[in-house]
Structures are given as structure tokens and as C-alpha cells.
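*Asks:* First to last, the sequence lines map onto chains F and B.
Using the numbering used here, read the first sequence as starting at 1 and increasing by one per residue.
Using the numbering used here, read the second sequence as starting at 1 and increasing by one per residue.
It should be emphasised that the hints constitute simulated quantities derived from the structure, not laboratory data.
Among the clues, some could well be false.
[Unchecked claim] To spell it out: a stretch of chain B is covered by chain F in this simulated footprint if at least three of its residues, at any positions, have a beta carbon under 8 Å from a beta carbon of chain F; those stretches are:
(1) 23-35
(2) 75-86
(3) 178-186
[To be verified] Calculated from the model, a selection of chain F residues having no Cβ within reach of chain B, i.e. all distances over 12 Å:
(4) Glu-147
(5) Tyr-203
(6) Asp-285
(7) Gln-498
(8) Leu-508
[Stated by the list, open to error] Capping the alpha-carbon separation at 30 Å, the derived lysine-lysine pairs in DSS-like fashion look like this:
(9) B:Lys-108 / F:Lys-386
(10) B:Lys-177 / F:Lys-3
(11) B:Lys-108 / F:Lys-568
(12) B:Lys-127 / F:Lys-3
(13) F:Lys-186 / B:Lys-174
(14) F:Lys-186 / B:Lys-108
(15) F:Lys-352 / B:Lys-127
(16) B:Lys-196 / F:Lys-3
(17) F:Lys-352 / B:Lys-4
(18) B:Lys-169 / F:Lys-12
(19) F:Lys-387 / B:Lys-21
(20) B:Lys-4 / F:Lys-345
(21) B:Lys-169 / B:Lys-21
(22) F:Lys-590 / B:Lys-138
(23) F:Lys-551 / B:Lys-4
(24) F:Lys-3 / B:Lys-21
(25) F:Lys-12 / B:Lys-4
(26) B:Lys-169 / F:Lys-590
(27) B:Lys-21 / F:Lys-12
(28) F:Lys-566 / B:Lys-177
(29) F:Lys-53 / B:Lys-174
(30) B:Lys-177 / F:Lys-12
(31) F:Lys-551 / B:Lys-127
(32) F:Lys-554 / B:Lys-21
(33) F:Lys-551 / B:Lys-177
(34) B:Lys-174 / F:Lys-551
(35) B:Lys-108 / F:Lys-12
(36) F:Lys-237 / B:Lys-138
The C-beta atom is built at its ideal place from N, Cα and C for all residues, glycine as well.
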Amino acid sequence: MHKLLADQPGQKMLLLGNESIARGAIEAGVAFASTYPGTPSSELSLNFFQMSKESDLYFEYSTNEKVSLEAAAAAANCGIRSMCVMKHVGMNVAADTLMTLAYIGVKGGLVILTADDPFMFSSQNEQDNRYYGKLSGLPVLEPSSVEEAREMVAYAFDLSEKLQEPVIFRTTTRLNHSTAAVEFGKIRTPITKGDFKKDPFNYVTVPAVSRKLHAKLLKNLGKAEEISNTSEYNIVKGEGPWGIICNGVSYNYVIDGINDLDIEDKVRVLRIGISHPMPGDLIKDFLKGCDKVLIVEEGEPFMEETVKAFAQEAKLTLTIAGKGEGLFSRLFEFNPALVRECMAKYFAVPYKPAALPDLSDIPELPQRPPNLCAGCSHRATFYAVKKAAEGMDAIFPNDIGCYTLGFLPPLSMGDFLICMGSSTGTSCGFSKVTDKKIISFIGDSTFFHSGISGLINAVFNNHNFTLVILDNRTTAMTGHQPNPGVDMKELNLEGYGQISIEKVVKALGVSHVSVIKPYLVKKSINTIKEAINFKGVSVIISKEKCSLYAKSLKQLTEKVFYVSDKCKNHRTCINELACPAFFIENDRVKINPSICVGCAVCAQICPEHAILPLKKNSQ
Amino acid sequence: MDTKRLIIVAVGGQGNLLASKVLGEAALFSDIPVRMSEIHGMAQRGGVVESAILFGDAKSTIISDGEADILVSFEPSEALRALNKCNVNSVVITNLYPLPPFTAVIGKGVYPDPNIVQDLIRAKTAKLIAFDAVALAKEAGNVLAVNMVLLGALIQTGVLPIPAENVKKAITTKTGKFFAESNLKAFELGFSAAAKEK
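So that you can see chain B by itself, here it is in the shape it has in the complex (with noise of 0.2 Å):
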């Protein structure tokens, strides 16, 4: 089968490695062959942490610059970082709600307007689906949900050949009962937010 490509960036603690596993394990359930890699030394400490996900027959489990099918982003300016991973043809989904690095808290660098973060990856790529993932999260009953709202909006794209059902059983699985219901409820919301993009 074709390989798709998917890049998942966040800052650390945002939890994009719990909507990893719940990825792998939908791909699992589907009998779709799945690959992935992540780099998390410093995760706790801040820095950004950085997912790739390969779905189909490709061996590998890392992607090369300009070679992803799918960018998501936990957060704006994360997003015109990982642009390198794009080429004119990829989907490119991020949550707009910033959270600025601490070097440009302290004057170091200068935070991207984030009216200029979606024209620049518009205009570079196939389709942005832009929205404020931690208001859904929120909506939802559970701030921490954006990693659920995200692969909600992943999911709607149909880029990916996993059915929704099979992602909401993962979450299900992987989630636990405590946060399950506000999860699965985060990734609808995340799925129509997506729906309603053009």
C-alpha cells in the first residue's frame, strides 16, 4: 500500500506522545502497518518534541525534508518551524493558541504574528486548517484534550486510512475511563472544527 507520512509537532508537555500511541494503535486495529520514531530527551525540560508516523509498507521510521503528507502542530509558530518536512502538495493542521518560547519572553527572537504564520503556510502548501485547539479542549471539559482536538481535525482530512471509529477505540483503550469521555468528546469537536474549514 502507499506510504503516508505524517509529522506531528509540540512543545513538551503538550502531550503528542499519547496522541502517538493512540494513532499507532488505530493503525493496529485497522491492520494498517505502522512505523514510528520520536525524539524525547529534553521533553520535560521544555524543548520541542517532534513525532513522525508512517502508514503503509515504508520501512523506515523517520521523514525526510520536504517529505510529509500531513504536518499537525500543537502550536503556531511550532508549525512554520516544521514547514521544512512540507512540500506544495501537504496538509498542514495547527492549533493557533501560542505559547511563546522563553526566549522571546525574555527579548530573545521576536514571536511570529500569527495572521502571518497562516498566510506563509498557505501560500506554501496545499491546505491549513487553523483554529484554537485549547478553546475546544476547554469546550470539552479537559484543557489537557488539545493532543485529541488535534487528531480529531487529522482524522476529518481523510489523508490518513484510518477510519474514525478505530481512532475513538484507541482513545477509548489508551485514555482510561477517567478521561475517556472528555477525550473522545475533544475529538469531535476537533473533527468538525476541521470539517468546517474550506
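This is chain F alone, in the form it adopts within the complex (with noise of 0.2 Å):
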């Protein structure tokens, strides 16, 4: 049995935040859940997709947010206690059906999750997600610790029924990639069948129903300001005359700098849990009892904000501050040191940080950033593009995946980039305005998500690019989850369908469409050259399984290659292709047969032809 559907209340397990978020759900019983994958929120959904497998959960990989945002509201309207996952920039993709979703409001719970990532470890931006309840009028929640995140999502699908609105439930990398002891509690039963009761004057957006929707929501938001100002999630801590307002992973800074100041008995702790709508009359109260109060959040200032607005109403004049200079900045993560730091200064704390070594003599050392792996796909697509647009002067929007690996150097394949299917719909622009060839470049995952709409704009306008498809038949970057082109069954999976790109590209009406296999160079070359060659939107699929995924699939050939003797040291396979299997050894090039995984791009590009199959028992 999955370890998180163990019924045994009071149990006590090791978990990373994700995993406690999951049981949770679990325990709230949660009967439909949906995501698209994204980092830092990838393993929450892993483990529905485990479960869902063996219990009467419902669980599925959507095409993209906004799809599963739909899917799981319509479930929570029909009484579903319902979940969707996903990581701050799926909000983005969302947004349109969160913002009407929050005025139509639900029946059963559903708690929307949205994974933030100050610091950027994995994700294009570091936008601050809380203004997303501001903006919709919906709840946000925080937890504090990986514990706390296991009970506050039962608590999350409670307020949702108690207000019948969604609730999103904000969470950063640091807490989703935290692990700490976690006591289980009970697993209420889920209800999973519903049943949709129509109500049009309530539920279809015409202008006329939403403009008292709307009314319905401002009411609604006031109903939660009241459970906000006294919700056990909104906690004060402490006495003394300093105070300090705080949400997230930052509590936890400030608990252990307050410990390491040793100033308990004059600091007063104000833990904001609901951090939409905040707790007015809760921190006018809080504001009245200081002399000074510090802020900290991670972000934007979303609460120094408000609190400072909730100041002015109750015509305090005492200091607040958050951001600004010599305290708090906007960018990135905190850390207890940092923050230690801070409050010391704030309140005038003597403090003295560890001695630090003097680090100045120590020698710049080598870059370790990630790499395509070896035998990668998309090293061996790129070269061929690279090989077939030689001379050509080309622009190669890149999108999201571990292809976007490819704008490093020496394959230096990426020269545009903002999010999730933007190389379809940034290359209509590159086309239309400048006399270059653009080449893109998209995942097959990302290309089901949001890169097909800017493929049909191109057919539609009649743009002029090439876009290559690189199919790797799974969702690489994030842990191998399924998507629509996938074949399901490979995965001892049945109840899927399976969509071809091939056959949805030519339906678009994509004139020139050829599919190539990119471990076969040459061939791959001349196709490739006839593609770009084209005037008018053309589209190259190349199909082939991503190597960590066949490996675990075990659908690898054994078959790994060595560098012979009639090596000539001309090293274009290392300056050309940097397929991490490579290494220098008393000023040869080797192939580490531990990591060579047999693609044999390398083999076919060697001047020489020195780079061959290593047989069993030879060298």
C-alpha cells in the first residue's frame, strides 16, 4: 500500500512537504485532484498519481492549468471535495478561469495549490502569488512548516465549503522541498460520486448573473475577513514591546532568531496563516500593543502593505517597515541568518554573526551547471539543426523542458524565452518583422500545453518559420509524468487515449511536416534542410524516447561505444556535441562506458570514424 494511505492515526513519518500536503488531502478526503506538473510542486501531484492507482481517488495529468483548473471546479460544483495543483507561473494559465471560477464559487471544497519560487531554483520568474487572492477575492492560506501544511489543507477544504468559493493554498520551494516528522491524523471518507444540480442564474456568466456574482463575492470576502481575524492560523506569540508579522517558511527564522537574540520577553509574534483578506481588527489590535513593528515576508510587500493601510485606519503613527534599504529585499529567499541579521538592526539587538573564514585565496573552480544527459534526444536534434542551418542567419526561440538546456554552449541552440509555448507565438513576431530564418523549438508536453494555439496562429496569418517538435514521448524536465502523446500502455496503464502530433500538425493544416529520428545524423541533416528551407510554416517532429525514460522503462540497448585507436585527437566530438559521457585522460578523449548510454551520434560525426561499438569482452 502507498505509504500515505496508511489509515493509522498517530503514526509518526519522515515526509517532504509535498508528500505532507498530499496526506492531507488524503485525510480531508479528497476525490478529485488534477494538476500539470511543475516544479516545486511536481511530487504532490506524483504521489495523487500513485495513490490514485490504488484507491478511489481520481487523479489526472491535464493538458495544461487552465484545463485542470475547469475540470476540478466542475467536480467541486457537483459536490466534490476537489484539489489542482500547480506550480506560480500555472496561475498565470489559470487566471482566466480563476477569476470567473471565484465569482461562480463551489459546492464541494476545492483548494487550489500554487508552488512559489522566490529564488527561481527551477522556474522562469519569482512572482508573489498572494496577489492572486487579492485579485480574485479568494482566501489564500500559508503554512509555516511541513507539519503544518498536513492540517492546514483539511482546514483549507473546510473554509472553502464553509464560504462555497475556492481557496488557493500558497506554498514556497522551501516548504515543498523541506522534510521533517509528520504525525498522521484520520482519513475522513471521500465521496466521489456528485451529482450537478443546474442553476443558470447562478452558475452561466452573462453579464446579468455576474454583476450579482460579484456583489455575492465582495460579501463573501467580508464573511472571511471575520474567520481571519480569528482563525487559529492567524496566531500571536509572545509579549513585549517590538512586534513582528510574519507568514510562511520566514516564521521559522524569526522563532530561531529570537531564540539566538535571546529576546523572548520583548518580542511579540504576530504569524499570519490567512494572509487574504488579512485580520484587520486582529492586527490593529496587534499594532496598538508595539512600539515598533518589523515585517517580514519573502516577496513583494503584500502585507506591509496592508498592515500599513490598517495603521493610517486606526491612526497609529508607530514605525513599521519590511522592505527597503538595509533591511529586506524583494528579491530571492530569506535565510535565518539574514534574517537574525535584520531584526538585531531593526530593534538595535547587539549581535555578533560566526566568525566566517577568509575565502579570497580559494581558486575559481570549474562550473558544475546541469547538462543534456548523455545520449540525450535533443543534443543530437540540435546538432543536426545547428548542422543544417549553417550559414543560414537564424533566430531559434527556445520554450520550456530540458531542451532549453540547448542555449549552453557549444550547441547554443535558445535565443528567446519567456514561458510555457512561447516559441510558437514569439516566432509569428520574429517572422513577420525581421528578414532571418526562425527555427524553434518545443517539447512535446509544452506543445500540447499552450505551444499549439501559437502554431495555429502561424498556419492561419501565414507566418514563415520552422518549428521542431522534439517528441521525447514523456515530460522529461519534471520527473517523467505522462502527457497526451504518450503511450500509456508502455506504463502497464490502461483507459488512455493517445493523440499524434504527426497527425494533429497536418490536421492544423501545417504544409510541409516530416518526422525525423535524430540518432540518425545524416538522414535527420537532409530532412532538416528541405524543412528550412521551406517558405511558409513548416513543422520537423523529431521522435525519440528520452534516454533516463527508456532506462526505466528498460528499453535500452546495452551497446556502448569507446573511442578506438585511429583517433586523431581532432576532438569534434567533445567541442561539438559535449555529451557528458566524455572525458580526457592524459590528453586523449574517452568515453566513460558507466554513462555512455550507445545513441551513437558521436560515432557518425568523427572524422576519423575512430569511435566505435565496444564489444563484450574486448578492451
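Grab the two chains, each in its own frame, and use the hints to assemble them into the complex.
*Replies:* Right, dumping it as C-alpha cells:
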């Protein structure tokens, strides 16, 4: 049985933040869950996926976050407890749905999880999604620890049903990817079958209905603020003339900082767990007892602005600070020492930081950036496109996935990237206003997610570019989740459809469509040459399974290669492919047999044909 | 109780996440509060994987610069790169078997001399324990048991309040029957290797 399904209240287990949230949802009786995978939320969905195979939970990997939220919204409006999981930027994709779903509301609880990524460990921006609460008028809950996340999910479902509207559950990477001992609670039996009661004058958002619904939403916001004022998740701790208001993981740094600075008797802390709507009465009361207040929050001054507005309403003139020079930044994530230092400075507490060693004489170390894996089919495709486009003045828009790493030398295939699916849309603009050849790249999952609409636009508006669809048969970057093109039977899973990218592209009216096998270098280069010389929209589908995925399916051939005596040290292999299986020993190129997966691309480009298959028992 | 802070750095694929799991489990067996965090998005793509583990009453799950009591590195150049996490009282343990990054292989950057690496760490911290953990893992019968060798050395230092028996128990429960024997042997070899260091 899946470890998170164990019906043993009181059991203690070390869980990742994402696992703790998944367990919390199971305990709350979640029956419908949907997602589009995105770090740092991916393990949460993975656990739902696994549990759905051995319980009554329905789970799906949806095409994108908007579809995912719509599916969950409908399930919730049939009275089913539902959860929709995404990374922070996914909320932008789902925002159209979110904004009006807030008007409609829900019947069964709906919790929308957004995993924010301060410092951008694996994201293109570090937007602060608490503003989605303000923008939509929906409540935002924020846990501070892995343990609290479990119980707060159940609270989120209850709150959603009480207010009859979705609740946003906001985490940050540091919570999703932290681990702690979590005590299990009781599992509530999920209700898995719902019913939809027709009520068009509350469900069909024509203007006359929406005017009524917006008024309802605002009324609800008032109710939500009353709840926020008395909630056990907006807590005041300690006594003293100094006040600290904080949220999320910053709360931990504040508590540790108070202990380290030995100021327990001087500080009161207000930990905000419901950050929208902010608890106005509670905050005004808190401010009245303080000489000065420090706001500790990662990201934007979301609480700070609201707290200052409350102070104005209460005619209070005490000093309130958070972001600003000498204090906290809007950039990146916090850490314990940073918070401790700002607290010491703001409250003028003597503090001597740990003696750091002098590191000025440490030599500059070679970087260790992530790299496309050995035998990665993307490397083979990038190489073939580079060769086919040699001599052409070209722009290469790229997209979001492992293949984004192709922008690094020596491949250097990636000139422009905004967000999921942007390769196709930006290609339209580039091709219209420049005379350059536009060759863009997108992965299979990203194509289904949102790249497809840019391609439809290109065909309709008669743009001129080549789109290379890097079809590695899985969603590789986030950990090999399925997408609509995946053959689910290979995973021994029945009951799924499968969509052919080739048929879709042809049906869209793309008149030049070709399919390549990127490990066949010469043939691929020739096919690509033909496609990029076509005037109009051409699509190349480069079809080869992700080598890590193939390995997990036990489909990799065991044939590895070695560099024979014929090698004349041209180093074309290293200089043009940069496969991590290569290394240099005594000034000669070698291949690490434990890393090589036998794609044979290097063997095909070696000018001396010196790279040969390693026969077992030889060498 | 006093908080002890441990940083583990490794190159993707070296198994430091399993090492963290084993330590976490061992802390649970020992009734010692434990929290950890890791950055592991690109682990399979050959990047650096860093885990922070805090034993004791601290609420934070990360460790600021200069605040690690002990640093365990699975690779010598990565020990040097992570030295900003240490202070003059920190203990450092490193595997000496080098894994030069690809950038150094293609001539972008120079891989540091292992002797210089050791001299620099010794000069800036309280103690360095350095040995070839890959050789010991091979001796234990499992070249992938580098993580268990280094766990052995870590526990030998006594910096963490966790008894060796509880780590061994966690190794047995977390790494499965097939590997438990070689992993336990690797742990013992690492433990002895650290005991030999002055």
C-alpha cells in the first residue's frame, strides 16, 4: 500500500512537504485531483497519481493548468472535494478560469495549490502569488512548516465549503522541498460520486448574472475577513514592546532568530497563516501594543502595504518597516542569518555574526551547470539543426523543458524564451519583422500545453518559420509525467487515449511536415535542410524517447562506444556535442562506459570514424 | 537541545538524498528532532545537489553561510565550493575521488589540485577528514555505497547526537535486503577511516 494511504492515526513518518500536503488532502477526503506538473509542486501530483491507482481518488495530468482548474471546478460544483495543483506560473495560465470561478464559487471544497519559487531554483520568474488572492477576492492560506501543511489542507477544504468558494493554498519551494516528521491524522471517507444541480442564474456568467455574483463575492470577502480575524492560523505569540509580523517559512527564521538573539521577553510575533483577506481587527490590536513593528515576508511587500493601511485606519503612527534599504529585499529567498541580522539591526540588539573564514584565496572553481544527459535525443536534434542551418542567419526561439539547456555552448540553440508555449507565438513576430530564418524548438508536453495555439495562429496568419517539436515521448524535466502523446500501455496503464502529434500538425493545415529520428545524423540533417528551406510554416517532429525514460522502461540497448586508436584528436565529438560521457585522460578523448547509452551520434560525426561499439570482453 | 547543522554536497547521482533519508530516519529512532531541505530539481542532469539537515530544536530547514557545524562532501572540488557554509569551528569530511565537471573537461575552467584543496580546507576550518571513499565502497562490494562510507565517517566524528547503531538500523530499513550488507560494511569502513585521522 502507498505509504500516505496508511489508516494509522498517530503514526509518525518523515515526509517531504509535498507528501505532507498530499496526506493532508487524503485525510480531508479529497476525491478529485488534477494538475499540470511543475517544480516545486511535482512530487505532490506524483503521490496523487500513485495513490489514485490503489484508492478511490480520481487523478489526472491535464493538458495545462487552465484545463486542470476547469475540470476541478466542475467536480467541486458537483459537491466533490477537489484539488488542483500547479506551480506559481501555472496560475497565470489558469487565471482566466480563476477570476470568474471566484464569482461562481463551489459546492464541494476546492483547494488550488500554487507552489511559488522565490530565488527561481527552477522557474523563469519569482512572482508572488498572494496577489492572486487579492485579484480574485479568494482566501489565501500559507503554512509555515511541513507538519502544519498537513493539517492546514483539511482546514482549507472546510473553509472552502463554509464560504462556498475556492481557497488558494500557497507554498514556497522551501516548504515543498523540506522534510520533517509528520504525525498522521484520521482519514475521512471521500465522497466520490457527485451530482450537478442546474441553476443557470447562478452558474452561467452572462453580464446580468455576473453583476449579482460579484456582489456575492464581495460579501463573502467580508465573511472571510471575520474568519481571518479569529482563525487559529493567524496567531499571536509572546509579549513585548517590539512586534514582528511574518508568514510562511519566514516564521521559522523569526522564531530561531528570537532564540539566537535572546529577546524572548521583548518581542510579540503575529504569524499570518491566512494572508488574504488579512485580519484587520487582529492586526490593529496587535499594532496598538507595539512600539515598532517589523514585517518579515519573502517576495513582495504584500502584508506590509496592508498593515500600513490598517495602521492609517486606526490612526496609529508607530514605525512599520519591512522592505527597503538596510532591511529586507523583494529579491530571492530569505535565510535564518539574514532574518536574524535584520531583526538585530531594526530593534538595535547587539549581535555578532559567526566568524567566517577568509575565502579570498580559494581558486576559481570550474562551474558545474546542469547539462543534457548522455545520449539525450535533444542534443542529437540540436546538432542536426545546427548543421542544417549552417551559413543561415537564424534566430532560435526556445521553450520550457530539459531542452532549454540547449542554449548553452557548444550547441547554443536558444535565443529567446518567455514562458510555456512561447516558442510558437514569438516565432510569428520574429518572422514578420525580420528577414532572418526562424527555427524554434518545443517539447511534446509543452506543445500540447500551449504551443499548439501559436502554431494554429501561424498557419492562419501565414507566418514563415520552422518549428522543431522535440518529441521525447514524456514530460522529462519534471520527472517523466505522462502527456497526451504518451503511450500509457508502456506503463502498464489502461484506459487512456493517445494523440499523434504528426496527425494533429497535419490537421492544423501545416503543409510541410516531416518526422526525423535524431540518432540518424546524416538523414536528419538532410530532412531538416528541406524543411527550413520551405517558405511558410514547416514542422519537424524529432521523435526519440528520453534516454532516462527509456532506461526506466528497460528499453535501452546495452551497446556502449569507445574511442579507438584511429582517433587523431580532432575533438569534434567533445567540441560540438559536449556529451557528458566524454572525458580527457592523458590528453586523449575517452568515453565513460558507465555513462554512455549508445546513441552513436558521436560515432557518426567523428571525421576518422574512430568511435566504435565496445564489444563485450574487449578492452 | 543544542542545534547541530549539517550540510551534504554531492554531484547528481552520487546518492546524497538517500544518505539524508537514512540520517533523518536514524534521528527519528533516536528521538532527536530533525528537519531538512534539499535542492534537487536538476540532480539527474549532473548539477550539484545540496542537502541541509538540522538536528535539534531549530525551526528553520536551511543553513546560512558560515553556520554549518559539519560539512560532508562527496567530491573534493565541491567541498571547496561549499566552504562558505563553514566557519573556523566546522569539521569537514570529503571524499577525495575527483569527478571533474564537464566544463573542466572541455577546458572552461581548471580543476583544482587535490592537495591544494586539502591544504585550503585545513587552514580555514577546525578539522578535515579526507580519504578515497570510492575505494572503500569498492572494498565493501558496492561502488555506489560512497554515501554509506561517508555516513560512517560522519557518525565517527561524534558531532551529531546520533548513535551508530541507529544509523545502521536505518540503513537496514531504508536500503533493502539486497544492498544492506554491503552498505553496512561501507558504513563500518568509513567509520574506521575517520577514526584513523588525527
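*Asks:* Return the numbers of the hints above that this structure violates; sort them in rising order.
*Replies:* Violated hints: 3, 4, 12, 14, 16, 19, 23, 26, 28, 31, 35 and 36; rest satisfied.
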